[in-house]
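Colleague: If you want the building blocks of each chain, they are given just below.
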Amino acid sequence: MLKKASPSRMRKSIYGPDPGRRAAELPGIVGLELRELFPDIPRQIYIEGGDISVIRKATEEALEKVDMGMIRPQDSVNILTSQYGFQIMNGEAYTEMVKTIKDVVEQRTGCENIRLRVATGFRLREPEEIIRHFKLKEYFKGRAAPALYIEKGVPIETEIGTLYGIAKIYDADWIIHAHHGELRELDMHRMMNRAVKPFSMSYARMETRAVHHISFGPRSSNIVPRLIFESPFVQSKFTFGCFLLTSPQGIIGVDAGHDMYELDRKLMMIGFKSYGKVRELMSEVRECIAVIDATGEPRYMIGGGITFGNLTEAEMDLFDLDNIPVSLGYGLYERPPGAPKLKSVNPAIKALVLNHMWLGVPQMELPGHIPTIVVGRDLAEILSSDPMNHNFMRYVVSAENLETAMAFAEKIAKTDNVMVFDGAFGALTCSRPLAEYLKERAPAVNKRVDEKLMPKWLRQRGIDPEQALRESV
Amino acid sequence: MVEIKFLARVIGKECIACGECQNVCPTEAIKVVDKKARVTAKKCLACPNCRGVCPVNAIKMVRRREPLRMGVDPLEVDQVQLTELCRKARLHPHQWLCLCTATRVAEGAAAVLKGARTPEEIALMTGIRSGCTAYCLQTSLRLLKAHGVQITPPPGHRWYDTTQTLWDVTEEMIKKYPGHFLEEDKKVFRKI
Numbered sequence: 001m002l003k004k005a006s007p008s009r010m011r012k013s014i015y016g017p018d019p020g021r022r023a024a025e026l027p028g029i030v031g032l033e034l035r036e037l038f039p040d041i042p043r044q045i046y047i048e049g050g051d052i053s054v055i056r057k058a059t060e061e062a063l064e065k066v067d068m069g070m071i072r073p074q075d076s077v078n079i080l081t082s083q084y085g086f087q088i089m090n091g092e093a094y095t096e097m098v099k100t101i102k103d104v105v106e107q108r109t110g111c112e113n114i115r116l117r118v119a120t121g122f123r124l125r126e127p128e129e130i131i132r133h134f135k136l137k138e139y140f141k142g143r144a145a146p147a148l149y150i151e152k153g154v155p156i157e158t159e160i161g162t163l164y165g166i167a168k169i170y171d172a173d174w175i176i177h178a179h180h181g182e183l184r185e186l187d188m189h190r191m192m193n194r195a196v197k198p199f200s201m202s203y204a205r206m207e208t209r210a211v212h213h214i215s216f217g218p219r220s221s222n223i224v225p226r227l228i229f230e231s232p233f234v235q236s237k238f239t240f241g242c243f244l245l246t247s248p249q250g251i252i253g254v255d256a257g258h259d260m261y262e263l264d265r266k267l268m269m270i271g272f273k274s275y276g277k278v279r280e281l282m283s284e285v286r287e288c289i290a291v292i293d294a295t296g297e298p299r300y301m302i303g304g305g306i307t308f309g310n311l312t313e314a315e316m317d318l319f320d321l322d323n324i325p326v327s328l329g330y331g332l333y334e335r336p337p338g339a340p341k342l343k344s345v346n347p348a349i350k351a352l353v354l355n356h357m358w359l360g361v362p363q364m365e366l367p368g369h370i371p372t373i374v375v376g377r378d379l380a381e382i383l384s385s386d387p388m389n390h391n392f393m394r395y396v397v398s399a400e401n402l403e404t405a406m407a408f409a410e411k412i413a414k415t416d417n418v419m420v421f422d423g424a425f426g427a428l429t430c431s432r433p434l435a436e437y438l439k440e441r442a443p444a445v446n447k448r449v450d451e452k453l454m455p456k457w458l459r460q461r462g463i464d465p466e467q468a469l470r471e472s473v
Numbered sequence: 001m002v003e004i005k006f007l008a009r010v011i012g013k014e015c016i017a018c019g020e021c022q023n024v025c026p027t028e029a030i031k032v033v034d035k036k037a038r039v040t041a042k043k044c045l046a047c048p049n050c051r052g053v054c055p056v057n058a059i060k061m062v063r064r065r066e067p068l069r070m071g072v073d074p075l076e077v078d079q080v081q082l083t084e085l086c087r088k089a090r091l092h093p094h095q096w097l098c099l100c101t102a103t104r105v106a107e108g109a110a111a112v113l114k115g116a117r118t119p120e121e122i123a124l125m126t127g128i129r130s131g132c133t134a135y136c137l138q139t140s141l142r143l144l145k146a147h148g149v150q151i152t153p154p155p156g157h158r159w160y161d162t163t164q165t166l167w168d169v170t171e172e173m174i175k176k177y178p179g180h181f182l183e184e185d186k187k188v189f190r191k192i
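The listed protein sequences derive, respectively, from chains F and C.
Taking the working numbering, the leading residue of the first sequence gets 1, the next gets one more, and so forth.
Taking the working numbering, the leading residue of the second sequence gets 1, the next gets one more, and so forth.
Please keep in mind that the hints were generated in silico from the structure rather than gathered at the bench.
These numbers were taken from a predicted model, which means no experiment stands behind them.
Check each hint, because a few of them may be wrong.
Unchecked claim - Negatives, chain F to chain C, calculated, CB over 12 angstroms: (1) Asp103; (2) Ala399; (3) Leu453.
As the list claims (entries may be wrong) - No more than 25 angstroms apart at the CA atoms, straight line, and that leaves these computed lysine-lysine pairs for BS3-like: (4) Lys145/C with Lys186/C; (5) Lys456/F with Lys175/C; (6) Lys456/F with Lys176/C.
What the hints assert, rightly or not - Label-pair restraints from in silico Cβ distances: (7) Pro39/F with Glu183/C: 37 to 43 angstroms; (8) Val33/C with Pro19/F: 50 to 56 angstroms; (9) Asp78/C with Asn113/F: 58 to 64 angstroms; (10) Lys3/F with Pro55/C: 44 to 50 angstroms; (11) Thr170/C with Asp18/F: 49 to 55 angstroms; (12) Pro39/F with Glu3/C: 50 to 56 angstroms; (13) Glu84/C with Asp322/F: 30 to 36 angstroms; (14) Lys411/F with Ala17/C: 51 to 57 angstroms; (15) Asp40/F with Arg69/C: 54 to 60 angstroms; (16) Gly179/C with Lys65/F: 25 to 31 angstroms; (17) Arg69/C with Thr162/F: 34 to 40 angstroms; (18) Gly179/C with Lys411/F: 45 to 51 angstroms; (19) Glu28/C with Asp322/F: 45 to 51 angstroms; (20) Asp40/F with Trp167/C: 39 to 45 angstroms.
All C-beta atoms in this analysis are idealised placements derived from N, C-alpha and C, irrespective of residue type, glycine included.
Construct all of the structure, not just a fragment, from the sequences and the given hints.
Modeller: Structure (structure tokens):
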């Protein structure tokens, strides 16, 4: 059934223009319910606008099995968070999980020196904005602070030598890893050591992030977070991890524990079964106009519960470890020599409309590959001053408003298939013709993932498919 | 060729001279002098760092009257030496050195062959490190080390000397961590 589209609310930021008209309000745009396409995608316990108390309850239940005996009343504890969690469904669920962790740890251990650390990608002021928006300084009694990748580092001895974490991340007796299972950038993590990835990203200094992204290969890079996580230094402070579990339907639960690899396996199973199907459905799209219309940078903007990056990379099955994408990991280099290649972009995207977004990540591959239309002067002005995409505005056109942008996009793209990345979980905001097409294609995708792809993905990770699927039922 | 259109400007009365800005500037363009942060315009690449860490929001970006233009032509240096330097650094001349400015490794290598001896000097010659400032640092250090330059990290935390790559992974580690495609990805690199 097609329903009215429900985009995620937007948070104001210095990195983007003030929110304006949403693409979901355009005529002919609908919400295509994912459960209608894939009935076995894990159901949500929470979706934006729902009763937030279910997150508190789920977090409390997950923490019941966690031993907190190492934390003494006189100790200090850092709860480590990443900016992206605060973007998922406008951040309310992640915030509630983090607040609940604090409350439970305080109650169970008597420790009051519990501090919040908010790490970020490249938007240096974003953690401050998050702390202010969600009133976290008040909740943590003044003990909430940003942790930036260019701030003072702390050496971490690993099997490949000294790497550097952010000092402020590790400046407590104990750390709690508060994260989420949202798929985000599959081309980077490839569903390998996903649960510990923040140890070489969010919680790491810039040099260590470069070791991960630039100096290892498109699969092997995922050993870097493991080496850091398993280092004596990190292990001397690590207490437990607490994760918001997600599927494209929404938040499906909370899990916590000491064994990050057990959690990793769980994330992997959920990922294959749910994100695997929606991602594979993206590969069925032959032509569309993509509209970017939410909080964050395009690459990580959610549409139908999955990030835009998964549409731009849909031409290659990135769960399949035999596939080697043109990635940061081996230098964005295309053979034969002569022309370096920008990150590849799915040629099914015939036009891109940037209605609302934030700066914050190098993304020249977008205007480099797709006819791109920027909506409004405010966004154009912001993009023209973006230090991470020096010449972005040289390769795009701007339109006065969303309607004229869409009209122009349709002329270029010659399609009425519109897919909107507006932060929505549970349903894909899209045009009616695209919704009908995807409904038609879904059964074949379902069968292909269940019978062919998922067993392959599992085998590649050393897991017996029959046993794993039996366990997950 | 990289065009720097903006410039950091310190709002003097707001500055508390904490020095955090000079700790994160990739080109030493901003320094605390006489209890105020001051910007050397010709060295400022307008990256987001100083503004991003200033605890009192005393730094803003203003448009330059004329853009600062920088770049090194790789064809101006000996091509055999350039190829050899990249080979030693295990980098391909055509791969990106800096994603934000679309600068290739060949240009960074040419900067080194033309005399750059620090990441700051490479940045000032090529315009790299004017964006995220993160991903091009390590590649710069690898080029410098391959050229035999003694690396001395600056005081404070402007950068740390960390240049590990897949090539530092030992046979022992490959055996210890099966399923991480360590040998397989080395093969991918070797092909390139």
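Colleague: Indicate, hint by hint, whether the structure satisfies it.
Modeller: Tested hints:
Against chain C, the non-interface label of Asp103/F holds: every CB pair exceeds 12 angstroms, the least being about 29 angstroms. A cut-off of 12 angstroms between C-beta atoms confirms that Ala399/F is not in contact with chain C; the least separation is 23 angstroms. Look at Leu453/F: its CB is around 19 angstroms from the nearest CB on chain C, clear of 12 angstroms, so calling it non-interface holds up. Taking the CA atoms of Lys145/C and Lys186/C, the gap is near 21 angstroms; set against the 25 angstroms cutoff, the hint holds.
Using a Cα cut-off of 25 angstroms, the hinted pair Lys456/F and Lys175/C holds, with the two alpha carbons roughly 23 angstroms apart. A threshold of 25 angstroms between alpha carbons decides the hint, and for Lys456/F with Lys176/C the separation of about 23 angstroms falls inside it, so the pair holds. Checked against the given bound of 37 to 43 angstroms, the beta carbons of Pro39/F and Glu183/C, roughly 41 angstroms apart, stay inside it. Checked against the given bound of 50 to 56 angstroms, the beta carbons of Val33/C and Pro19/F, roughly 42 angstroms apart, lie outside it.
The given range of 58 to 64 angstroms is respected by Asp78/C and Asn113/F, whose C-beta atoms sit roughly 60 angstroms from each other. At about 47 angstroms, the CB distance of Lys3/F to Pro55/C agrees with the hint of 44 to 50 angstroms. A hinted range of 49 to 55 angstroms holds for the C-beta pair Thr170/C and Asp18/F, which are about 53 angstroms apart. The hinted range of 50 to 56 angstroms is satisfied by Pro39/F and Glu3/C, whose Cβ atoms lie roughly 53 angstroms apart.
Range check, Glu84/C to Asp322/F: Cβ separation about 34 angstroms, and the 30 to 36 angstroms hint holds. Take Lys411/F and Ala17/C: their Cβ atoms lie about 56 angstroms apart, and the range 51 to 57 angstroms holds. A beta carbon spacing of about 57 angstroms between Asp40/F and Arg69/C agrees with the range 54 to 60 angstroms that was offered as a hint. Checked against the given bound of 25 to 31 angstroms, the beta carbons of Gly179/C and Lys65/F, roughly 28 angstroms apart, stay inside it.
Restraint check, Arg69/C to Thr162/F: a C-beta distance of roughly 37 angstroms satisfies the suggested window 34 to 40 angstroms. Take Gly179/C and Lys411/F: their Cβ atoms lie about 49 angstroms apart, and the range 45 to 51 angstroms holds. Glu28/C and Asp322/F have their C-beta atoms about 46 angstroms apart, which keeps the hinted 45 to 51 angstroms range intact. Look at Asp40/F against Trp167/C: about 43 angstroms separates their beta carbons, and that is inside 39 to 45 angstroms.
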